[in-house]
Structure formats: structure tokens, C-alpha cells
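Trainee: Sequence:
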Amino acid sequence: MRNLLPLLASTLAVLCLDPAGSFAQKRAPITAYVSPYYKYDDDKDGVPNGRDKCPATPEGEQVTPFGCPYDTDFDGIFDYEDKCPSEPGPRENLGCPYGDKDNDGVKDNNDKCPDTPGLARFFGCPDTDSDGLADALDACPDVPGLREHNGCPPNKKDSDGDGVTDQEDLCVTTPGVKANRGCPEIKAEEQAVLKKAFNNLLFETGKDIIKQSSFASLNDLAGVLKNNPAAKLHLEGYTDNVGEADQNQTLSEKRAAAVSRYLADKGIVESRITTAGYGESRPVADNDNEKGRSLNRRVAMNIRYE
Numbered sequence: 573m574r575n576l577l578p579l580l581a582s583t584l585a586v587l588c589l590d591p592a593g594s595f596a597q598k599r600a601p602i603t604a605y606v607s608p609y610y611k612y613d614d615d616k617d618g619v620p621n622g623r624d625k626c627p628a629t630p631e632g633e634q635v636t637p638f639g640c641p642y643d644t645d646f647d648g649i650f651d652y653e654d655k656c657p658s659e660p661g662p663r664e665n666l667g668c669p670y671g672d673k674d675n676d677g678v679k680d681n682n683d684k685c686p687d688t689p690g691l692a693r694f695f696g697c698p699d700t701d702s703d704g705l706a707d708a709l710d711a712c713p714d715v716p717g718l719r720e721h722n723g724c725p726p727n728k729k730d731s732d733g734d735g736v737t738d739q740e741d742l743c744v745t746t747p748g749v750k751a752n753r754g755c756p757e758i759k760a761e762e763q764a765v766l767k768k769a770f771n772n773l774l775f776e777t778g779k780d781i782i783k784q785s786s787f788a789s790l791n792d793l794a795g796v797l798k799n800n801p802a803a804k805l806h807l808e809g810y811t812d813n814v815g816e817a818d819q820n821q822t823l824s825e826k827r828a829a830a831v832s833r834y835l836a837d838k839g840i841v842e843s844r845i846t847t848a849g850y851g852e853s854r855p856v857a858d859n860d861n862e863k864g865r866s867l868n869r870r871v872a873m874n875i876r877y878e
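Heads up: the sequence shown at position 76 corresponds to 648 in the numbering used here, and the numbers run straight through without jumps.
Everything labelled a hint here was simulated from the structure, so no lab data went into it.
These figures come from a predicted structure and were not determined experimentally.
Check before you lean on any hint, since a few could be wrong.
Claimed, not checked - Straight-line distance between alpha carbons at most 25 Å, and here's what the computed SDA-like set of lysine to any residue pairs gives:
# : residue 1 : residue 2
1 : K779      : E816
2 : K750      : A764
3 : K655      : D674
4 : K655      : Q634
5 : K679      : G648
Please construct the entire structure, taking both the sequences and the accompanying hints into account.
Mentor: Structure below.
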């Protein structure tokens, strides 16, 4: 009976049956004691202590029927403590969700560089030179480098001192010019040999057979290539507009290839020579007269370093 008293009035009546079995009802007043704890409302929220689940709620806060403040966003933080009461967030961020200030896709709570856009693999920190090292660990953050050099490029060697590093130099031990990938410039007399070979190159009419009168100049050209082992030769064949266009295209390709074969027979490695044919598509003179047509029937020669 005492366990029920806190929920009842302080005075109540008890009905009981007559022991003699007469069923006559008698009334007897009983006075019960109710502890003050169940009567009082310490936090003055309108819910008595006896059923207040949050008896220390700050005065003035709205509460549920159980005496606890509201938690609108159900994040486990009462609204009066929650800086973002309508958005769920962790307690360590005062009830607010974490943002992404630098818009790099990494939330600020996981972002070691929250004010600078970065990469997820580096916890939101940048790798400006994209060399696989975060800027904070990179001694040369603006220049791609190697991990073993702390993100800096290796010391670049220039054996011949021509200003072109060995890594990019086609003539590592011979000083040259940057335009030739570190190889020497073609001498004026060698340029003259190239020009002469171009001017003297003749083919049998309508064929890809080189005329014998052109052999001497081509032999000299082979000598120039041997003296410049890093140089490569590019040949381009052209024709006039006499005949069918598709036949002229084929003829231009065959004539360029014929020169390549001739030089290969003179000891020039074929991989150093490239060819192309353009038929009648790129005239350098008027095809309406014989002089112009003769200029258009040609094989252009260009020395390259690549």
C-alpha cells in the first residue's frame, strides 16, 4: 500500500468486507504520507519531480510532458544547447553539421586544410604540383619532383654544358643548340648539300624510279646524315595535277619511299627516315604551265631532331 501512496491523495477511504461475511460495508478513513519530493517542482517547468526526467532544466525552457526540453532535430542535444536546433549535428560542433568551407569535397571535421581546397587522399590538403606529395611535405611544392628528393626534381646534369640537360639532349657529349635538342647546328656547307640533293632529284616520267643523274647528290646527302647521327630526315612527295588525283597521291608516296630506300642502301638506318605523300594537293607553283608543273613534281627534304 505504501508504494501507491505517492500517487494518491493524502487522505482516502478503504472499503473492506465484514469478516463475518455479512457483506455490510464499512468506511474507515486512512491518512497517508506523501514525500515532498513527489510534490515539488525544483526546475519550475510545470512537471513535478516525481515524473520529471530532466529535473534540472533551465527555468523558462519549454518541456515535454516528461519534463525534458525539446530536441527538434533529434540529434541528442536539447534545443537550448543546440546552435543549429533544426539541423542534426554532433555535440563537439555545438549541434551543427560540419560544413566544407573550401568546397573540396572533404568535410571540415576531416579536413586538415579547411580553408584551402585539396584532395581527399591528403585529408583535404593540396598537392599543387601533382607529384604525389602534399604541399606541406613538399620542399618544392610548385615543381613536380620525386619523393626521395622531398618533392624536388633531381639535379639535372648537362654533360656538354650546352644548356640542354642530358635527359633531353640527343647529343649528350657534343655541345649544341636547344632547337636541335642539344645537337650542333647543321653547317652551312651541309645545308647546301641538302639543297642540291633536292634540286637535282629527278624521276623517270610517271614512275618512282630515281634517275641516275640524281645519285651523286643523294650520296652526298647520305654523308651529311652520317656526320650527324642524331639527325633524322623527313621526306615529302608531291606531284603536278596531270592525271588522276588518286594516282598522283600514290605516286607521291612511292617517290618519297624510293629516296628513303636509296639512302638506306647507303648505310642510313631506316628508322631515321620518315616519308609522306601529298599528291597534287600542295602545289608551290602554277600548274597551268610546264615550268610550274615541274616545280610541283618534287620531294621535299627536312632534317629534324626529335
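Trainee: For every hint, state whether the structure bears it out.
Mentor: Here is what the structure says about each hint:
For the hint pairing K779 with E816, the CA-to-CA distance comes to about 14 Å; that is within 25 Å, so the pair holds. Between K750 and A764, the direct Cα distance comes to roughly 22 Å. Compliance with the 25 Å bound is thereby established for this hinted pair. Restraint check for K655 and D674: satisfied, since their Cα atoms lie roughly 22 Å apart, inside the 25 Å limit. In summary, the hint linking K655 to Q634 is supported, as the alpha carbons are separated by about 17 Å, within the 25 Å threshold.
A C-alpha spacing of about 21 Å is found between K679 and G648, which places the hinted pair at or below 25 Å, so the restraint holds.
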